[in-house]
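**Student:** So the chains spell out like this:
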Amino acid sequence: AQSVAQPEDQVNVAEGNPLTVKCTYSVSGNPYLFWYVQYPNRGLQFLLKYITGDNLVKGSYGFEAEFNKSQTSFHLKKPSALVSDSALYFCAVRDGDYGQNFVFGPGTRLSVLP
Amino acid sequence: AAGVIQSPRHLIKEKRETATLKCYPIPRHDTVYWYQQGPGQDPQFLISFYEKMQSDKGSIPDRFSAQQFSDYHSELNMSSLELGDSALYFCASSWNGRTGELFFGEGSRLTVL
Chain F
319 AQSVAQPEDQ VNVAEGNPLT VKCTYSVSGN PYLFWYVQYP NRGLQFLLKY ITGDNLVKGS
379 YGFEAEFNKS QTSFHLKKPS ALVSDSALYF CAVRDGDYGQ NFVFGPGTRL SVLP
Chain X
2 AAGVIQSPRH LIKEKRETAT LKCYPIPRHD TVYWYQQGPG QDPQFLISFY EKMQSDKGSI
62 PDRFSAQQFS DYHSELNMSS LELGDSALYF CASSWNGRTG ELFFGEGSRL TVL
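Protein chains in written order, with this note's numbering: chain F, 319 to 432; chain X, 2 to 114.
Calculated from the structure, these hints are not laboratory results. Watch out, some of these pointers could steer you wrong.
Using C-beta positions, here's what the derived DEER-type ranges look like [what the hints assert, rightly or not]:
#1 Glu326/F with Glu15/X: 37 to 47 Å
#2 Ile6/X with Gln328/F: 26 to 36 Å
#3 Thr21/X with Arg360/F: 17 to 27 Å
#4 Glu326/F with Leu84/X: 22 to 32 Å
#5 Asn373/F with Leu84/X: 24 to 34 Å
#6 Lys16/X with Lys376/F: 44 to 54 Å
#7 Gly371/F with Leu84/X: 26 to 36 Å
#8 Leu84/X with Lys387/F: 36 to 46 Å
Note that CB positions come from ideal geometry on N, CA and C, so glycine has one too.
Generate coordinates for the entire structure from the input sequences, incorporating the hints supplied.
**Tutor:** Spelled out as structure tokens, the structure:
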């Protein structure tokens, strides 16, 4: 079975500084990895995904993530944080070889301070 | 572009009552998922349907059932409601098999009193 860990409940960063939200995963087969953002009382919005190919994936709103197979990680990054990036971020994994299920991590709350 | 539509957006029920949530996936999406998100929790997978057939089952209580209809909309039926069922219920849809990302609706907030 697959699982996702997000080791930080909360990340605080100053506006204009780079941000990183960490994610590690465990799957039996090939990992398909996703990042989502959730604003209060809203649905989850897709940011980016890694399926295959280049380890650095670029997504919406200037976010990017780097797939690292040896460290089983898929950290979300942005070079310059905005106050409007403040939200709840979820990493998710799907086993590319077995099953349909998406599994989400516990989420990391990002606060960007002006 | 069309998104995933969920109804109702808010629902208040008493304990032991029944509730039905509806989901209309994005046109041409072939898979529908249901998730439950409790306060401060990550979304928990309940059940999914591929081409109107149940494809995977997660932590869905026996009191809950779901189905997908010929027009691809899906309904989540919840009976004998308990206080702990109070949560946000999300429907999501996808296409392109396992590589496709999920597109989420805005959720249905169920409050059980």
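**Student:** Hint by hint, say whether it matches the structure.
**Tutor:** Hints, one by one, checked against the model:
1. Distance hint check for Glu326/F and Glu15/X: the Cβ-Cβ separation is about 39 Å, which falls inside the suggested range of 37 to 47 Å.
2. About 33 Å separates the C-beta atoms of Ile6/X and Gln328/F, a value consistent with the hinted range of 26 to 36 Å.
3. Our hint of 17 to 27 Å for Thr21/X and Arg360/F holds, since their Cβ atoms are close to 22 Å apart.
4. Checking the proposed 22 to 32 Å range against Glu326/F and Leu84/X shows it holds: the Cβ atoms sit about 31 Å from each other.
5. At about 45 Å, the CB distance of Asn373/F to Leu84/X disagrees with the hint of 24 to 34 Å.
6. For the hinted restraint 44 to 54 Å between Lys16/X and Lys376/F, the CB-CB distance of approximately 48 Å keeps it satisfied.
7. For the pair Gly371/F and Leu84/X, the beta carbons lie near 47 Å from each other, so the given range of 26 to 36 Å is not met.
8. Checked against the hint of 36 to 46 Å, the C-beta distance between Leu84/X and Lys387/F comes to roughly 44 Å, which is consistent with it.
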